[in-house]
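Work out the full structure, taking the sequences as your base and the hints as a guide.
Given next are the chains, with one letter for each unit.
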Amino acid sequence: MEVRDRILIVEDDKSIRNFLKAILEANEYDVILAATGTEAYSLITSRCPDLVILDLGLPDMDGMTILQKVREWTGMPVVVVSARSHERDKVEALDQGADDYITKPFGTSELLARVRTAIRHSRTAGPAEGGRSGIFRAGGLTVDYDKHRAYVDGKDANLTQNEFKLVALLAKYAGKVMTYDFLIREIWGPNMENNNRILRVNMANIRRKVEENPAQPRYIFTEIGVGYRMVEPD
Amino acid sequence: MQRGKTGLIKNCGITAGILGLATAVCFFLQNFATTDTHVPLLFVLAVLFVSKYTDGYGYGIVASLIAVVGVNFVFTYPYFALNFTITGYPLTFLVMLVVAVTVSTMTTQIKKQEKVKMEAEREKMRGNLLRAVSHDIRTPLTAILGAASGILDNYDALGNAEKRELIEDMKKEAQWLIRIVENLLSITRISGNAEGAKIHTAEEVMEEVIGDAVGKFRNQNPDIQVEVKMPSEMLLVPMDGILIEQVLMNLMENSVQHGKTVRKIRIRVTCDKAKVTTAVEDDGCGISKSVLPSVFEGKFSGQDQDGPDSRRNMGIGLSVCMSIVKAHHGNMKAENAENGGARVSFWLPMEEEKQDGSQGQNSDRRRR
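Chains as they are written, first to last, in our numbering: chain H, 48 to 281; chain W, 179 to 546.
Derived from the structure by calculation, the hints contain no laboratory data.
With a straight-line cut-off of 25 Å between C-alpha atoms, the simulated DMTMM-like cross-links for lysine to aspartate or glutamate are:
#1 W:407 to H:200
#2 W:511 to W:529
#3 H:151 to W:360
In structure tokens:
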């Protein structure tokens, strides 16, 4: 018997709920729906979905509250839906443990890509967590975690230690946006959190070593106001 | 908070400056004049100016008190001692006080009137914008509604190809609506006040903003080629990244929408010490001479443009770009390139305005 991934859609607008359901069901997901936060929370605990699509603006409670409550006991993937101009909400949601976000208005292909990535990460994150060994490949970019080297089209990119750490971190969460703060904390520690510039400079250097044209990146993308995202692996 | 404090410092500075000037002039005149009659008059004048150039009543009244006591102390016999028994003293005091209060009242009233006038102006502009936007929104909405009910009402009568065509139209119209709404939302990020438009700027890396904008544009327009050329060094420019991204998206989308035959868009970034200039250039049909001088003025549904499609978007897109760039203290220019295509460029200053201490507060915004 075929086992389908179950997705909970938390969204108060009926039309959006309908079309999300239609798209996801057409792509072989099992869909359950919730219109309010309370309903959502009880479905999360009773039906254990494989992924939650969470709209931040709900009538009865702030979507962020649900996210926090869920994160108290499970790493279940949560993809947040937010409006474009609210980059603060996105950063906050990501820092609170959301796996990804999609921006309203979004296309179906974008939605499905986010859903696939988030589910895949929830399956693979466990074992890769500790050792971070093996090799990441996306197009011409190869990241060798064991040798601490990154290659572009077979040639060593000559990254410095911090640059490699950044690339490796982005590759580990490939497809997911990493917020500026998360990256700074992971690489430079908690005392550098206010220093956005050091991250920008390092990323600019990485782009010059890895990308053919830094203004038209193929591997590492910027989400303005939020963070960086590594392209999905092959 | 910050504003209140700077206001206080500014007003105190003005008060002290004007009173100091009056005192200096009096000392100067003392060398020539044998009587003191000019002194109170000069100070009445000083109080008048203080009341005019400061906010509210307080400073004028304080200035008149200082002036009365100061004149008594310094310029009337006995010098450098207070003597409140001089004839006419209460009258001088009273006159200064009345002058201060009257002038303050008048100035406040004038300022209030100016504000009311400006608000009316803004209200008018907002009304115009709303009218234009509602008009522009109604057309695609009508098309969407028409197509959707057309499909629903004639579901069996319509062939698959026809249905698909109608649905594609719906999608196109909806995308266009989204573009309008995104632009309107951008405007709300610029908070206007009496002193002009305010934005939250932070240092952004130019190539990141362009890369993000070009990436999004490519997703929506896969068959248009985009080429970016920029200096090899990293450019950190103070800006609201989301808004500048919107500018770039608007310029690229305008090219596609109005250039008719556009296949390739070139983005060129150049930089000197003071500013970064970004030019978006296409290989389309260019901007016609008749609209070129007024492209940024926001003709919301351009009556004098040719063709049924060009009625759209141009106005809103470019005028939003202009408001955004102006809010960054930059400027824009539209022209036709040598190859006949359109070239729209905007430049942004490299340095943050000095009095603007928003840098720290921005990294805060980002961290939240």
